[in-house]
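S.K.: Using the hints, position chain B against chain A.
Order-wise, the sequence lines are chains A and B. Using my numbering, the first residue of the first sequence is number 1, and each one after it goes up by one. Using my numbering, the first residue of the second sequence is number 1, and each one after it goes up by one.
Where chains are identical, the list cannot tell them apart; a pair therefore holds if satisfied intra-copy or between any two copies.
Keeping only pairs whose Cα atoms sit at most 30 Å apart, straight-line, the calculated DSSO-like set for lysine-lysine is:
no.	residue 1	residue 2
1	LYS436	LYS182
2	LYS514	LYS275
3	LYS496	LYS220
4	LYS220	LYS517
5	LYS489	LYS380
6	LYS494	LYS560
7	LYS275	LYS174
8	LYS489	LYS220
9	LYS343	LYS220
10	LYS46	LYS258
11	LYS436	LYS517
12	LYS202	LYS343
13	LYS202	LYS436
14	LYS211	LYS497
To be clear, the hints were calculated from the coordinates, so they are not data collected in a lab.
2 protein chains.
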Amino acid sequence: MNNQLQIMRHSAAHLLAHAVMELFPKTILTIGPPTKAGFFYDFLPKENFKLLDLPKIEAKMHEIAARNLPITHEQMPKEQARKLFKDNPFKLELIEQIPGDTVGIATQGDFIDLCKGGHVDHTGKIKHFKLTGISGSYWRADRNGQALQRIAGTAFLNAKDLRTYEKRVEEARKYDHRKLGKQLDLFSFHDEGVGFPFFHPKGKSVIQLLKDYMRHLLNKYDYLEIQTPTMLSVDLWKQSGHYNFYKDNMYFSEIDEKQYAIKPMNCPGAIMIYKERPHSFRELPIRTSEFGNVHRYELSGALHGLFRARAFTQDDSHIFCTPEQIEDEVYHSLLLAQEVFSKFGFNTVRYALSTKPEKSMGSEQLWDKATQALANALKKANINYTVDEGEGAFYGPKIDMHIKDSMDRDWQCGTIQLDFFLPQNFNLEYVTSGDKREQPVMIHRAIYGSLERFFAILLEHFKGKLPFFIAPVQIKILTITDEQVPYAKSIFEKLKKNGYRVQLDASSDQISTKIKKGQIEQVPWMLIIGQKEVDNKTIALRYLSGKQEFGLSLEKLLEKANEA
Amino acid sequence: MNNQLQIMRHSAAHLLAHAVMELFPKTILTIGPPTKAGFFYDFLPKENFKLLDLPKIEAKMHEIAARNLPITHEQMPKEQARKLFKDNPFKLELIEQIPGDTVGIATQGDFIDLCKGGHVDHTGKIKHFKLTGISGSYWRADRNGQALQRIAGTAFLNAKDLRTYEKRVEEARKYDHRKLGKQLDLFSFHDEGVGFPFFHPKGKSVIQLLKDYMRHLLNKYDYLEIQTPTMLSVDLWKQSGHYNFYKDNMYFSEIDEKQYAIKPMNCPGAIMIYKERPHSFRELPIRTSEFGNVHRYELSGALHGLFRARAFTQDDSHIFCTPEQIEDEVYHSLLLAQEVFSKFGFNTVRYALSTKPEKSMGSEQLWDKATQALANALKKANINYTVDEGEGAFYGPKIDMHIKDSMDRDWQCGTIQLDFFLPQNFNLEYVTSGDKREQPVMIHRAIYGSLERFFAILLEHFKGKLPFFIAPVQIKILTITDEQVPYAKSIFEKLKKNGYRVQLDASSDQISTKIKKGQIEQVPWMLIIGQKEVDNKTIALRYLSGKQEFGLSLEKLLEKANEA
Numbered sequence: 001m002n003n004q005l006q007i008m009r010h011s012a013a014h015l016l017a018h019a020v021m022e023l024f025p026k027t028i029l030t031i032g033p034p035t036k037a038g039f040f041y042d043f044l045p046k047e048n049f050k051l052l053d054l055p056k057i058e059a060k061m062h063e064i065a066a067r068n069l070p071i072t073h074e075q076m077p078k079e080q081a082r083k084l085f086k087d088n089p090f091k092l093e094l095i096e097q098i099p100g101d102t103v104g105i106a107t108q109g110d111f112i113d114l115c116k117g118g119h120v121d122h123t124g125k126i127k128h129f130k131l132t133g134i135s136g137s138y139w140r141a142d143r144n145g146q147a148l149q150r151i152a153g154t155a156f157l158n159a160k161d162l163r164t165y166e167k168r169v170e171e172a173r174k175y176d177h178r179k180l181g182k183q184l185d186l187f188s189f190h191d192e193g194v195g196f197p198f199f200h201p202k203g204k205s206v207i208q209l210l211k212d213y214m215r216h217l218l219n220k221y222d223y224l225e226i227q228t229p230t231m232l233s234v235d236l237w238k239q240s241g242h243y244n245f246y247k248d249n250m251y252f253s254e255i256d257e258k259q260y261a262i263k264p265m266n267c268p269g270a271i272m273i274y275k276e277r278p279h280s281f282r283e284l285p286i287r288t289s290e291f292g293n294v295h296r297y298e299l300s301g302a303l304h305g306l307f308r309a310r311a312f313t314q315d316d317s318h319i320f321c322t323p324e325q326i327e328d329e330v331y332h333s334l335l336l337a338q339e340v341f342s343k344f345g346f347n348t349v350r351y352a353l354s355t356k357p358e359k360s361m362g363s364e365q366l367w368d369k370a371t372q373a374l375a376n377a378l379k380k381a382n383i384n385y386t387v388d389e390g391e392g393a394f395y396g397p398k399i400d401m402h403i404k405d406s407m408d409r410d411w412q413c414g415t416i417q418l419d420f421f422l423p424q425n426f427n428l429e430y431v432t433s434g435d436k437r438e439q440p441v442m443i444h445r446a447i448y449g450s451l452e453r454f455f456a457i458l459l460e461h462f463k464g465k466l467p468f469f470i471a472p473v474q475i476k477i478l479t480i481t482d483e484q485v486p487y488a489k490s491i492f493e494k495l496k497k498n499g500y501r502v503q504l505d506a507s508s509d510q511i512s513t514k515i516k517k518g519q520i521e522q523v524p525w526m527l528i529i530g531q532k533e534v535d536n537k538t539i540a541l542r543y544l545s546g547k548q549e550f551g552l553s554l555e556k557l558l559e560k561a562n563e564a
Numbered sequence: 001m002n003n004q005l006q007i008m009r010h011s012a013a014h015l016l017a018h019a020v021m022e023l024f025p026k027t028i029l030t031i032g033p034p035t036k037a038g039f040f041y042d043f044l045p046k047e048n049f050k051l052l053d054l055p056k057i058e059a060k061m062h063e064i065a066a067r068n069l070p071i072t073h074e075q076m077p078k079e080q081a082r083k084l085f086k087d088n089p090f091k092l093e094l095i096e097q098i099p100g101d102t103v104g105i106a107t108q109g110d111f112i113d114l115c116k117g118g119h120v121d122h123t124g125k126i127k128h129f130k131l132t133g134i135s136g137s138y139w140r141a142d143r144n145g146q147a148l149q150r151i152a153g154t155a156f157l158n159a160k161d162l163r164t165y166e167k168r169v170e171e172a173r174k175y176d177h178r179k180l181g182k183q184l185d186l187f188s189f190h191d192e193g194v195g196f197p198f199f200h201p202k203g204k205s206v207i208q209l210l211k212d213y214m215r216h217l218l219n220k221y222d223y224l225e226i227q228t229p230t231m232l233s234v235d236l237w238k239q240s241g242h243y244n245f246y247k248d249n250m251y252f253s254e255i256d257e258k259q260y261a262i263k264p265m266n267c268p269g270a271i272m273i274y275k276e277r278p279h280s281f282r283e284l285p286i287r288t289s290e291f292g293n294v295h296r297y298e299l300s301g302a303l304h305g306l307f308r309a310r311a312f313t314q315d316d317s318h319i320f321c322t323p324e325q326i327e328d329e330v331y332h333s334l335l336l337a338q339e340v341f342s343k344f345g346f347n348t349v350r351y352a353l354s355t356k357p358e359k360s361m362g363s364e365q366l367w368d369k370a371t372q373a374l375a376n377a378l379k380k381a382n383i384n385y386t387v388d389e390g391e392g393a394f395y396g397p398k399i400d401m402h403i404k405d406s407m408d409r410d411w412q413c414g415t416i417q418l419d420f421f422l423p424q425n426f427n428l429e430y431v432t433s434g435d436k437r438e439q440p441v442m443i444h445r446a447i448y449g450s451l452e453r454f455f456a457i458l459l460e461h462f463k464g465k466l467p468f469f470i471a472p473v474q475i476k477i478l479t480i481t482d483e484q485v486p487y488a489k490s491i492f493e494k495l496k497k498n499g500y501r502v503q504l505d506a507s508s509d510q511i512s513t514k515i516k517k518g519q520i521e522q523v524p525w526m527l528i529i530g531q532k533e534v535d536n537k538t539i540a541l542r543y544l545s546g547k548q549e550f551g552l553s554l555e556k557l558l559e560k561a562n563e564a
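With the rest of the complex left out, here is chain A (with noise of 0.2 Å):
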């Protein structure tokens, strides 16, 4: 985000608060930041506020917009800011928080706020914004901590990037994946298990086809597929860290008065296998792939069908090499993700190779070294990427691949990580060839991510009209009269037993009924079967855009079903 336009957000949280203290001054302040795709700021609500106060708010935003209120920002001593804000633990909190014996005050008219600065002008600056929705939020996003009410909205620097907006957000809710998974009978979600979702068989058939073509891909890229439980001691989870740094986002049970935890990675399981035996450095790489079920906690609120739920299963992989074998398996794990993207459709991915950040583990030149590895792999296999300086995690640098999608959405699926943390903490070792005993280096990647979320992105990325290849139903068969049956029953087995998903409507509705039923289905081929096909042992092919092809044989029929 450019600096013009985070200053615009700022701003614009400022104008939010302003105008709900003006409606709700029993409201007590917390904070408001800009965001990627817009801002929000975190209130302590008299009363909690409802959707239907969003267009009152929005409205007298505007009205203080209109006031063109100059914006000014001072430094204040401490001691005068805690008084000014004496009614407001949370900005006593933050005050406490910032370093030095002053802090940064903005003002426009009446309302005031603690604030770094970073705003435009006057209030009249701030035109082209739009409340977005209220959700929950926690004091400090502990979920321990003080309940607070986020109203979140977005604003832009003009009208036309406002409108673009608008315009997108009207597409993606007319294909939203938990609108069409209801529509074409994919999935469902329920009360009796909230954020996890029920595939239906369509939904399932579409899941498996996402693993089955990687199961594929893994065979060719020599991976070895594990499996390891869904519940495994706190122990476990304790050594290798997640407890401390993710236990709030783990479910736990107890067996035998000892604590488990449903697993929310995979990595401990596959460690668990690599150190069953020991390994010579002859059978280096060890390329470990596991489509594991991981179960996280999501805050209810923050659940959005298939995008974010609480259970979904990693196409994950866990890459134990040398140091000097970083650059060529990153570079196999580069060319399998482009594979796969590009089987899809999205021949738009942006790389991010993200470096070493501040609190790090493992010394300066490992670091170098790796990252040094990284960014030739992507150079040897002729990609473009941007640096995300000192973003990588602490155990090492990553890469992550961000795919554009029709609605010119971005979705990080895929990352690469370099893992030195792990390896270490477990005493995972391999034998070299001069007999000594040194340490793998672990690489956790995975391409889809989640195939639920992945399934969740094909299907708003296509609109629902998943491609021949994917589609849960390729082709309907449909006859004109009974007539016609036994014909269609014929090329319905062949079809079937030639592996393809293929279903027969020989119902006594007319033609046009059929017709409409498959394309609500959004089945890819529809086979129309009337006399003159029985008679001329053909096939009429319609596409789900309402093309048509007449006097198809089926082997013809066959031999395009194999390219599409």
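M.R.: Quick look at chain B alone, frame taken from chain A:
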């Protein structure tokens, strides 16, 4: 088990208790019934028994047997029995629960026990027995009750039967799947997840092959695969009745202050999907299938590798149909089961039809019709079966399928169970041709039962030599010297491309070492590539049995592999 054998085993249990009391007089006796495999006695010892005590106890049993003590049985007034057992709270509890005013008392020498009766005349008749193990148990099998120690054994009517048993035990020990699992690098167990298997690449490969084969058949038999969540709210398990009957075997967790269970069964999930939309009679039968990973608590002492683990994958299916469709659905399920069992060479399958138990739900008429439908399906499939009167579940009659393995052991795998209960409990409906709402019947059925357990059965049945179609590595290519590596590689690539699971051993080991390694790994086919093979463009095929074929062309080999 015949009555005579039961009497012998019951007598052996008394003999065991008698021996224990002579050796460890401070032991408190509880109960000691005969079982299918032998007998056991549960004790509350003063100090825990150790494995080393068993030979001592066994010797003492032989000693008492040789005393030829007459065994008598009489009825005793409860008042008197209470005095006799005044220091044994377990026996006192049992006395209270026996109806009537008297209880049975068995006497042999100075050993006296509470007992319904059924013994041999004198201890001298108990000759052919063996103690088999010590494990933990609980009074009344209640985890929260008093912890006890169980000594188990077996006894036979003659020496030959005992020898046969001992030989089988020895063979079973030799081919114990836990041992083979380690030897063949298939799976492992770890303290970090007691009872939860970790599948190594080769083991996962077999599990996946079992799944793929079943999926292929499910497609052929018109099943619809679904996928339901691992965690579901306790409310749902209460509605399904599982909580009530099964909660001691379930694991629990908490999400947003709501109780969840890790699913021990897949039925409620399948029902949620059925209920997602109304169904017409035209849609029935709906055959849903799910490879459901279920978690069930087992006492740590009861765990037994993959035979009895705390998590496993069911090849589960729930068929929703009209009462009229039961016969046909069961018939097709039987055909499917026969196809699976014969694929793996299990040609002796025992089918048992279990009928209405005393406590049951649903009308007499419904039970009659349904039981008749099961019997008809069995007849139609030309299957001989036994009837287990009154052994059905309370919710419907069932057919259990037992396979016999190469060591003559009986394994219950498949089951087909009708269910009148869950459809009522969840108000399942379909719309009849007359536009009325009726309740469908639900059929639960599994063929493998548990994929992991079936894998273990296969391993022991085949004594580690898995047949070609299910072997994790089907073919291993061995070069004699480095000169053959390019040719060997080209064969490797072609076999891999044709979908075979193939490895290349191009190491500098001697060919005899390579063959030995392949044999230890139980690889069905080894291709030996020497200079002659390179020159003639042929392949030498060595089977695991040692049989060899020379001069095969690659085409011929592929043909053979396709038929294997």
